[in-house]
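Produce the entire structure from the sequences given, and follow the hints as far as they go.
Spelled out, the chains give:
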Amino acid sequence: MNKISLENVSFSYSQTKNDVIKNLSMDIYSKDITIIQGANGSGKTTLSKLCCNIYKPNNGIVTIFSKDAKNLSLSDVAKDIYYLFQDPQKQLFCESVEDEIAFALKYQNYTLAQIEQTTNKMLELFNLNDIKKSYPLLLSGGEKQRLAIACGVAIKPKLMIMDEPTSSLDTENMINLVNIILKLKHDYNIGFLIISHDLDFINRIGDVKYMMQNGGVINET
Amino acid sequence: MKLDPRVKLSILCTLSTLAILFQNVRSLLVLFVSCLIILMLLKCNIKRLLKPFKSLIKLVIIMSLIQSVFSQGNHVIISFFNINVITVEGLIRGLEFFLRMLTILFSASILKTCSSREIIQGLTQLKVPYDLSLMAVMGIKFLPILQQQFSDTFIAIQLRGVDIKKQTLKEKVKLISYLLMPVVAGAIETAKKVSISIQLRGFRAYPTRTSYYSLTLNKIDYIILMCNLLYVALFILCFGGIN
Ligand SMILES: Nc1ncnc2c1ncn2[C@@H]1O[C@H](COP(=O)(O)OP(=O)(O)O)[C@@H](O)[C@H]1O
Ligand SMILES: [Mg+2]
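Just so you know, the sequences run in chain order A and B.
So for the first sequence, this note's numbering puts the first residue at 1; every next one is plus one.
So for the second sequence, this note's numbering puts the first residue at 1001; every next one is plus one.
Keep in mind that the hints were calculated from the coordinates and are not lab data.
Quick caveat, the model's predicted, so the values are computed rather than measured.
Each hint can be trusted.
The calculated PhoX-like cross-link candidates involving lysine-lysine, where the alpha carbons are at most 25 Å apart (straight line), are:
(1) B:K1165 with A:K67
(2) A:K70 with A:K158
(3) A:K56 with B:K1054
(4) A:K106 with B:K1174
(5) A:K106 with B:K1170
(6) A:K106 with B:K1165
(7) B:K1054 with B:K1112
(8) B:K1166 with A:K106
(9) B:K1165 with A:K90
(10) B:K1172 with A:K90
(11) A:K56 with B:K1166
(12) B:K1174 with A:K90
(13) A:K79 with B:K1172
(14) A:K49 with A:K17
(15) A:K133 with B:K1174
(16) A:K90 with B:K1141
(17) A:K106 with B:K1172
(18) B:K1051 with A:K17
(19) B:K1165 with A:K56
(20) A:K79 with B:K1174
(21) B:K1043 with A:K17
(22) A:K185 with A:K121
(23) A:K70 with B:K1166
(24) A:K17 with B:K1112
(25) B:K1174 with A:K132
(26) A:K209 with A:K49
(27) B:K1051 with A:K56
(28) B:K1141 with A:K17
(29) B:K1165 with A:K156
(30) B:K1054 with A:K17
(31) B:K1193 with A:K90
(32) B:K1166 with A:K156
(33) B:K1165 with A:K70
(34) A:K156 with A:K3
(35) B:K1166 with A:K90
If you want it as structure tokens, here you go:
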């Protein structure tokens, strides 16, 4: 099945601390745009990192596209899921925008022509053509984010997780992001798990909404 | 036991200097044991202190082994084809290295039992310029942040579908160089932000600086300082002739 499922998952950052995620069960389908809302510190980021195996649960089972997450490495997870950090700068490490997009492709069985073709397509799609030689860390916030998304789309994930993607965007960039998300869902069949409490943003895209509270979730719709 | 940070600094200097100057197993062992006793007297949890040094200690162990393999000696324990692999002298060399590194690591941990504010104040009252001591202490505080940035980028590379374990050695080296860039860039950026924010709070706006918090040496501090001197004297008397 194309979904991430969590069964009775608990997680704490250290044995001495309280559980951040408490006995939580939910399914996230890759056909939907799933939204998780919740107050600061309610465990949204932690939950999203559990969903792609960056953290491993202390108790319970995480299943990622029918595979037990326990036996998966992060690079296995990357075949199905891409994770956009709240601060996309953390995931940019190459010397130019072009290189950044091509990076992952070089490690797969692509020919040079195919790599170039995919890179150009992504530059086009995300409107990054004018800055393709720039140094990624010097881009603006919106550009960094578009680049980080482009890097993910290049490796064709089935689901993309985004942690508070609008937190540093102005309204124009936010609407731009909405369009990108809808386009990716429609044209590339990518599902989304989006952490956000930006109501304006959520109302424009959400299919399924959840509310997080004290390490648990309540279904909203 | 609550000690003045200056006293702790002096203990640290004594132990690490002696550990570098003296070169035989017996004196190094004495230093290491004294270091452990002091840590225990200061009531610090040695296991927890060592946690961040875990990989460093592994490295020290490996280096000690390499030391013992490559040191020459007459009392051979294991040899292949006339090449002496492990000799008694080599083992002793390795052990010396191991004890020395551990003593230095452990004595540095003595400072971990006081807060950075205390260390800065201690250094300032020892007439070290405030700017310098602030910088040194802030540098230490930033290490965990650098580590976080390292692991974030490491995760990001893997989440692009690159399995680092499966790459050739050459590729691995290249991937690690990718890690360095955002870490260094991030560090410079953080440093810039910090320097701006401390200036916005009036750092060095006036030539002199008043400390609200000031340290005074108590009776126990003087006693320990005396003990420290006595320790150095005894140590040199006992082991000075051996080298
Ligand atoms: N790396 C970490 N180490 C220890 N505690 C953490 C860490 N990250 C988050 N926490 C704690 O976990 C709780 C949930 O954090 P988080 O998942 O980031 O919340 P949210 O994203 O909903 O604001 C918070 O109380 C936070 O202090
Ligand atoms: Mg968060």
